[in-house]
Structures are given as structure tokens and as C-alpha cells.
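Given the coordinates of chain P, assemble chain R onto it according to the supplied hints.
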Amino acid sequence: MLFHTWSFFAFFTVAYLVYLLVKGTWLRLPWLLVISYFFYAWLSPLYLIPLVYATVVDYFVTGRIEKSRRKGAWLALSIINNLAVLGFFKYSKFIAENVNVLLSLLGASLAVPAPGILLPAGLSFYLLQSVGYAIDVYRGDVQREKSFLTYAAFVSFFPRLLAGPIERANHILPQLRVNTPITMRDFTDGLSIFVVGYFKKVALADYLALYVAKVYGAPREFQAPALLLATFLFAWQIYFDFSGYTDMARGIARMMGLRLMLNFNNPYLSLSMGDFWRRWHISLSSWFRDYVYIPLGGNRKGKLATYRNVFVTMVLSGLWHGAAWTFVLWGVVHALGNFTTRELERTSFYAQKVPAVAKQLFVLGFVTFAWIFFRAPSISDAWTIVGRIFTSGLANPYCPLLALGLIVAVWAYEYIFESRVQWLLEARVVRVGLVILMIGYIIMTVPAEGQPFIYMQF
Amino acid sequence: MEAARTTIQRDSARADDAPAFDCSHLVRLSGREWFIVAVVILCLVRFGPVLWNRVEAFHPGSDYRVPYELSSDYWLYRRHCSRACGQEKILVVGDSVVWGHYVPPEQTLSHYLNEFSGSEQFANLGLDGTHPAALEGLLRYYGAHIWGRTVLLHFNPLWLSSSKHDLQTTKEFHFNHSELVAQFAPKIPCYKAPFAQRLRIAVQRKMPFSNWTSHLRVAYCQSKDLQTWTLEHPYSNPLWVMLRGLPEPQGPGEMPSGSWLDKGGKRQDLAWVELDGSVQWRFFRRAVELLRRRGNEVFVLVGPFNEHMLTEANAATYNAIKDQAAAWFRENNVPCFLPSPLPAAQYVDASHPIGEGYALLAQQLLEQPSFTSFITDRNTKGQP
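Residue numbers (numbering that gives the first Met the number 0), protein chains in the order written: chain P, 0 to 457; chain R, 0 to 383.
Extracted from the complex, chain P is given alone in its bound form (with noise of 0.2 Å):
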């Protein structure tokens, strides 16, 4: 069940009025557990199988880190089970693919025969944030959770199941544990996220990713200003749908007096590659940050095993969100580019004599670069793409002026608020005005049928 449907009011509209009754009663947790798995289970009840199992063994196993001598050993039990599971599900094809190319490389006559096993929606996002919750527990940054149910609607919390934010136990369990009121405040903020996610899903990114499946579906057919263009167009495609998605997920759930971790703040005003990655999927760079780069040493061991960290973070951040090589690629491309931002931020020219906004669009360009090998459907295609921009003619890119418009007016709104001028936006005009341009837009020309998440795949 995706946000912006029909059956998603008519759930939400049902579940929400349940909820608001059931708020102050035993009843609350359970209540959220039935309709997270109801919600889940609605795209397929198959899909509560790894669900379950996951939430059931890191229950117990986190039981025993807590209480066992051997903690270490519980904890690999955990990290190697959710692994294990998301291995199966997500890479089991990739890893016989590139078994057998091995095998045939070394001429043998055997192959691996390659799965074809469905993947949950969501998967690595609540496997990634049990991984972290084990973690916690055995470092004693967060107390074991004693009550399954809420540990069960920790791992399972509807909004977030899909596509994250990856939250952290120490900032969504003593949420659930305590019941506290929802106000009118939580509920009219809840709806303002949502509504500007809402717009940001359907009116924006659904309407970029038009031109960009026709150019990127077909790329040897368009030059470079239409490859330009459409690699511009994905970057916030890409940026809409995800940042989107999560102020959905982060409305519903301050509507339910939850709150959930900002996952997007401006990424495209960023300043260095540093910066866009405590910008872009904050869940998940912080999650990185946390258990992989700091375990790793971190920057405290000199500036190449720095850079060998950062590199590894990002190979794997890459990996997580596909198993392809083009993800891969896209993880090494950031990686240099986080090499590169470093460098000239030491360089005194770069730091102090190049004026912010050209740093932002150097950043937003050099994404905007890496995104190619995110969204193209093989590393060949990849390689084309680029190879085109450079080669291929000057044909008109008929890139729609509309779809330019509202990039540019996100884009405005986004740098008059990191502005001082920010309180031109505080004004109850603009605000209110805001919101209806956006419904009204919306309820006057959005198509009926939404498309799917893109980051619901990985």
C-alpha cells in the first residue's frame, strides 16, 4: 500500500480514527502492530515472513547480548543472521551472476543456476535498523526492549516500513513506550509534511520521471542536451521521490504523536561532498557513520586510512541500495568526490575565495554526474550516456519548460530558506498560499494512478 492511493486514505482514515481511540488504552501497541503488518502484508502477506523472522530472532538474540557472557558472539549471531537474510533475498542473484562469469572466465563448464526469489519492499531498511538496534544493546548505548510488542512495532512502524527513515532504538522506542497525547499541533504539523511530501511525490517527481524513462530508456536515440537534461531532470526526480516519501512517513507519524528522524535537509545547497551526505539520507548516512566508517577508525588514523574508510562506506553504502555494479560505480564515483571536496576545502582559494553558490553547483553537478550511474539500467549504459554527452550532436532536447519551472521554484524556495531572507517564508501568506498552490495543483492536474517509490526497491 503506497501513501498517495486511494486504499491508502481509506486505511489511514480507518486505522487513525482506531488509533485516536484506542491512544490512552493496552490496546495502542497492538493496535499499531495489526495495522503495520495489515499495511505491509497489503502488497503481499509473503512479505511478513522475513518481517517476522527478523523481528522475532533479534528479539531474543539482543535477549542474550544483554544477559550472556558472550556478548560478541550473540551480537555476530545477529549481524550475520539480518545479513544472511538480506543476502538471500537481495544479492543471491547478483553473487550467482558473477560466480558464473568467474566460471567462465576460468572455462569451466559449470553454472550457477540464478535465483530468482522476490525481494520484500523495505527489506534493507528494517534489517539495517535491527542490525543497528543489536548494536546498540551491546555496546549499552540503548537498554534491551523487554516488551516484544514494542519492540515488534519498533522494527514494523507502518510509515517507515517501506523505505526508512532508518531510525535508531534510542530515539523511536521510548516514543512507544510512553503514551503521550497527540495535540492539534501534532496533528496540523503531521498534515503540513504531508502535504508538501505528498506534492513533492506526485506532482514533481512522478512528472520528471516521464522524460527521464524516455530518455534513459532509450539513450542512444537522444544527444546530449537531452541526456543533459534528463540526467539533471533524475537528480530531482530521485531527490522528490525519497524526500518525498519520508515526509509522508514522518507526517502520518506526527499525526500519531511519533516523531521521526529528518531524513533530507537541502541536499542540493550543499557545499562539499561531505556536506550533501549529512544532507542526503540522513538515516542512512549516519547509520554508516555510526557502525561501518567510525568502527573503522574513522579519520583518526591518518589521511589514508581516512580516505580507505570513506571508501569502503561508500562502496558498501552503494552495494546496500542495489545489488548491481552500477551501484557500485556510483558508490566509488561519490567517494571520489568526497576525496575531491576535501582536498580543495584545505586549499585556502577554494575555502575562502570561491563564493558559496559556486560551490553548491559544482556539488549539485557533480551529484547530478554520480546519478548516472545510479539510474542506468548497466554500467555499458552508463558509459554510453556519458560518452554521448560529450560526442553526440546539439539536437533541441524538448525538455518540457514546466517541469524546468518547478525545479527552479523548489530550488528558489530552498535557497531563500538557507538565506538570511528566510522570513520572507514565515510569512502566513506565502505559507497558506504555498499549500493551496500545491493541493490545488495536485487535485487539478496529478493523474489518478501514482507510480511506485523508487527506493521501495531497495
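Treat the hints as calculated values from the structure; they're not laboratory data. There may be inaccurate statements among the hints.
[Unchecked claim] Quick list of the computed label-pair ranges, beta carbon to beta carbon:
#1 P:G392 - R:Y234: 18 to 28 Å
#2 R:D322 - P:G439: 48 to 58 Å
#3 R:Q221 - P:V17: 43 to 53 Å
#4 R:W239 - P:R307: 55 to 65 Å
Where is the CB? At the ideal position from N, CA and C, for every residue including glycine.
Positioned in the frame of chain P, the structure of chain R alone reads:
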């Protein structure tokens, strides 16, 4: 609900005390501001279509029919319907046979009925592709103006000529005007749309605003949503396109010049369905009942189906079905006319006549005492 109301506690704290709004934008509205938004949006929803009615010129002539390319523009159909009802016309309702699929507007059934009766009292309210299941929805949701009127309702037996036409197949089958059919009950076996889509359709077709935005899409964006349309017209301003007015009807494209006999005229065995178990017949009956419940006088015209293309045995099956239908009309006091087939050369296919066929059918109809008394009664009684 009371508990729900009390659970959401009014937060009267000043903005300074309000919980943090940890977002990368400032689109944060208070309850009062949401109320303003709701009022503005409700005004748009309520008055947008009404104002558009004044902006968009619509002056249908006596032979007007909803253009072929706007067949899914139910808002326009409703508008045409309302105009015809306002002019107290006899409404000729049905599928492409009434609409006149292979003939220009001046050779349709309603045109000849007007011509031969000597007055412009018949309006063509046919809509291309509206099988009975869709027709029932069309009348239910978009024919609300048809209240206390006189209706000549056409039934095309073609829809009973196979289980596929009758929507009985259990395998999914995409048919015309699925947005008009019953979404949840009665169940249509071949209709397998997802729940979300059914729910959307069921809600949207009751909302004039939604029908209006659909009208804008169909009439001005070639049945595409604005976003898709801008891909094909990247540098055009959609507002200017809309202000130019409704597009000129283009017609169904290539029209066959001859009759079905010119194409070989082979006889066939059609797999007629049982009338009692027929989905389409069930919906047709519902359409008749709906119209009568709304105080309309209904006269049903059945066919005439091209029986020349049926084998002898198959024609007998068809006639048995026709007799069963006639019996139902009699039992329910629905005046009807089940004409003999037109001359073979006056059919384009199984059910569509050529222009001469329509003229002959109109003549036959006007010679029917039951029909003349039906329209005379209407003229005597006057319309409400």
C-alpha cells in the same frame, strides 16, 4: 468519535512554546490556517466547474453528439444531457448505434427522427462504446438531469453475442468505459481492477470537480494528464490551449464506404449467452428501472440486429432471446419496438446501419402506433 475528539487536544500554547518543527521548509500551518486552506480549496472544488461552464462556449446544434474523441468526457456528456433536457427534447440514449458510428451527424437515427417528425424534438445522447453495463453507470452518475423526461432507449443485442461481449469471462478483459461500470456490486466477472482504482473511480464519479478536471484532460490534453501532455508539447502553455475553446470533432477516423456484404458477407454462428444469466441484460434492466424510478417515460428500441449474417439455427437462437426480452418488457409495461432486420445491404456490420438504414429505421419507428402514441402522450402531457 467523542473519544477521538478528546484525544486530539487543542494546543493553545503560543508558537514559541510549540513543539519544534524539524523540517527543511517552513510550510507549517496552524489549525486556523488549515481552515483557510480548506475554505479556498472547497470554493475551487465547488465553483471551479460552475465558472468553467460560463467560460467554455458550448452551443450544440440539433444533430450534436458528443465527439468520438471525447467519448470518455462524461462531464461533457452531462452538459449535453442537461442542455437537451432544458430544451425538453426526447432523449435518444444508447451506444454507438444511436451515436451513429459509421455515419456523419446528419445521418443518425435522431436526425432522421427529427426530419420525419418535422420537429427538432429528438436529441442524440448516444455515446460510442457504451455497452449496457456502462450505459447504466452513465445514466446513474452523469444522467442525473434525465428526470421526468421522455427517453428512447436503445438496446443493442450485440452485447449478448458472446460471453466476452457479455463481460462474463473470468479472465481479465479490458473493455470500453470501465470507469462507468459498477465497481463493487454487482460483480462483473472480467473486471479485475485493483481495489485502489475501484475506490478512486467510485468516489471520483460522484464529484463534479473530478469530472471537470477529467474533462479538461480529455478535451484539451488529448485524454492525457497535463504532465504527459507537456512531454509532447514542451513549449506550449496549457492555459492558452484551454482558452481557445473545445476542439472541433474529428470523428471516428476512417469510415467504411460500403456495407458488410462488400466485405464478403459471410454467415456466422455467434455464441449467444442465456438472457437469464446475462450480465449486460441485467444492467440494461437496471438502466430501465433507474430511468423509470426517476419519473421518465421510457420506450425501448431493440436492434435491429443484422440477422442476415447469422446462420439459420443461430438466428433462431437470437430470436428466442429477443422474444424473452420482449416478454420482460411486456411484463414490466415498458413500451418497446423490436423491428425486423433492415435490408442486408443497409448494415455496415452486425449492428450498425448505414445512413439509409437509419432513415428506414426512423420511418419504421414513427409508423409504430405504440411509439407515436408514446411521443404524442408526451406532447399532450407536456414535460414537467
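Here is what the structure says about each hint:
At roughly 20 Å, the beta carbons of G392 of chain P and Y234 of chain R sit within the given window of 18 to 28 Å. Roughly 56 Å separates the CB atoms of D322 of chain R and G439 of chain P, a value that falls within the hinted 48 to 58 Å. A hinted range of 43 to 53 Å for the beta carbons of Q221 of chain R and V17 of chain P is consistent with their spacing of about 44 Å. Between W239 of chain R and R307 of chain P the C-beta distance comes to about 58 Å, which sits within the given range of 55 to 65 Å.
Consistency with the previously given hints is maintained throughout, with no hint failing.
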